[in-house]
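In case you want the letters, here they are:
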Amino acid sequence: DQQVKQNSPSLSVQEGRISILNCDYTNSMFDYFLWYKKYPAEGPTFLISISSIKDKNEDGRFTVFLNKSAKHLSLHIVPSQPGDSAVYFCAASRSSNTGKLIFGQGTTLQVKP
Amino acid sequence: DVKVTQSSRYLVKRTGEKVFLECVQDMDHENMFWYRQDPGLGLRLIYFSYDVKMKEKGDIPEGYSVSREKKERFSLILESASTNQTSMYLCASSSPQGSVGKLFFGSGTQLSVL
Numbered sequence: 002d003q004q005v006k007q008n009s010p011s012l013s014v015q016e017g018r019i020s021i022l023n024c025d026y027t028n029s030m031f032d033y034f035l036w037y038k039k040y041p042a043e044g045p046t047f048l049i050s051i052s053s054i055k056d057k058n059e060d061g062r063f064t065v066f067l068n069k070s071a072k073h074l075s076l077h078i079v080p081s082q083p084g085d086s087a088v089y090f091c092a093a094s095r096s097s098n099t100g101k102l103i104f105g106q107g108t109t110l111q112v113k114p
Numbered sequence: 051d052v053k054v055t056q057s058s059r060y061l062v063k064r065t066g067e068k069v070f071l072e073c074v075q076d077m078d079h080e081n082m083f084w085y086r087q088d089p090g091l092g093l094r095l096i097y098f099s100y101d102v103k104m105k106e107k108g109d110i111p112e113g114y115s116v117s118r119e120k121k122e123r124f125s126l127i128l129e130s131a132s133t134n135q136t137s138m139y140l141c142a143s144s145s146p147q148g149s150v151g152k153l154f155f156g157s158g159t160q161l162s163v164l
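If you read the sequences in order, they're chains A and B. Those letters in the first sequence? Residues 2 to 114, by our numbering. Those letters in the second sequence? Residues 51 to 164, by our numbering.
Bear in mind the hints are in silico, worked out from the structure with no lab data behind them. In this text the structure is predicted, and so the values were computed from the model without any measurement. Each hint should be verified, as a subset may be incorrect.
[Said to hold, decoys possible] Derived pair list, reagent style BS3-like, types lysine-lysine, alpha-carbon separation capped at 30 Å:
(1) B:Lys121 <-> A:Lys101
(2) A:Lys69 <-> B:Lys152
(3) B:Lys120 <-> B:Lys107
(4) B:Lys68 <-> A:Lys101
(5) A:Lys101 <-> B:Lys107
[To be verified] Quick partial rundown of chain A residues pointing at chain B, CB under 8 Å, derived from the structure:
(6) Leu35
(7) Glu43
(8) Pro45
(9) Ser86
(10) Phe90
(11) Gly100
(12) Lys101
(13) Leu102
(14) Phe104
[Unchecked claim] Pulled a few chain A residues facing chain B out of the computed Cβ check, cut under 8 Å:
(15) Tyr33
(16) Phe47
(17) Ala92
(18) Gly105
No residue lacks a Cβ here, since even glycine has one placed at the ideal position from N, Cα and C.
Please take these sequences and the hints and turn them into a complete structure.
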């Protein structure tokens, strides 16, 4: 029973273009959503988050969009850079359980020079 | 910088062995977590702890136990290792005063059970 799903295992984009990573969830009790980035041989690092009271949060080149009615969130990276090549995990939380996250399967992003 | 250190990068063990995975954090965080990462499954929570000597089961606790005798140290124990426990194990910590869901991860331990 996968409560958080990333249906695209991989994505390849050209440097300078937009990368869009998608994530769907099933549990309407989730009220906080996060994206983590993972390079090989390193642990995941926090990238950006969004509360369910918002529909957009932006941090530099990274923007997360939340569509609660569709139970869908997406991460936009503009412009994409080769250093963005990594595995991206979306995660969801009920804010009452700080730190207890449910993760998606991950999407491997390759940004080609 | 927050540092979460896992004692081993790679481990190879035999079926039936008792295995200890150690994790230490240096930021005085109250919360500590053990996840495992498997291809196609993402990260799954095994156990977590919100305080010393306190532990709670995550989503996949079967076959595992944990110990938290000191605030900075959280150990994962495989009582009798099995081949289906071959995985990447990730330790994380966080502060309840910090951003919701913002975890700091170690680099991981790749465990192979033969």
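Hint check results:
1. Of the supplied pair hints, the one linking lysine 121 of chain B and lysine 101 of chain A holds, its CA atoms being roughly 18 Å apart against a limit of 30 Å.
2. Between lysine 69 of chain A and lysine 152 of chain B the alpha-carbon distance is near 21 Å, which keeps this suggested pair within the 30 Å criterion.
3. Between lysine 120 of chain B and lysine 107 of chain B, the direct Cα distance comes to roughly 19 Å. Compliance with the 30 Å bound is thereby established for this hinted pair.
4. For the hint linking lysine 68 of chain B to lysine 101 of chain A, the alpha-carbon distance of about 27 Å falls within 30 Å, and the restraint holds.
5. Proposed proximity of lysine 101 of chain A and lysine 107 of chain B is supported: the alpha carbons are some 11 Å apart, at most 30 Å.
6. Annotation: leucine 35 of chain A was flagged as interfacial toward chain B, and the flag holds, the nearest CB pair being 5 Å apart, inside 8 Å.
7. Contact between glutamate 43 of chain A and chain B, as hinted, is supported at the beta carbon level, the nearest pair being about 6 Å apart and thus within 8 Å.
8. Restraint check, proline 45 of chain A versus chain B: the minimum CB separation of about 5 Å is within 8 Å; hint holds.
9. A hinted interface residue such as serine 86 of chain A counts as satisfied when its beta carbon comes closer than 8 Å to some beta carbon of chain B; here the least separation is about 18 Å, so the hint is violated.
10. The interface hint given for phenylalanine 90 of chain A is met, as the beta carbon of that residue sits about 6 Å from the closest beta carbon of chain B, less than 8 Å.
11. For glycine 100 of chain A, the shortest C-beta to C-beta distance to chain B is roughly 4 Å, which falls under 8 Å, so the interface hint holds.
12. Taking 8 Å as the C-beta cut-off, the interface hint given for lysine 101 of chain A holds, the closest approach to chain B being about 6 Å.
13. A hinted interface residue such as leucine 102 of chain A counts as satisfied when its beta carbon comes closer than 8 Å to some beta carbon of chain B; here the least separation is about 6 Å, so the hint holds.
14. For phenylalanine 104 of chain A, the interface hint holds, since its Cβ comes within 8 Å of a Cβ in chain B; the closest pair sits about 4 Å apart.
15. For tyrosine 33 of chain A, the shortest C-beta to C-beta distance to chain B is roughly 5 Å, which falls under 8 Å, so the interface hint holds.
16. Taken as an interface hint, phenylalanine 47 of chain A checks out: its beta carbon lies about 5 Å from the nearest beta carbon of chain B, inside 8 Å.
17. Among the interface hints, the one on alanine 92 of chain A holds; its C-beta lies about 7 Å from the nearest C-beta in chain B, closer than the 8 Å criterion.
18. Because the closest C-beta pair between glycine 105 of chain A and chain B is about 5 Å apart, less than 8 Å, the hint holds.
Of the numbered hints given earlier, the model fails hint 9 alone.
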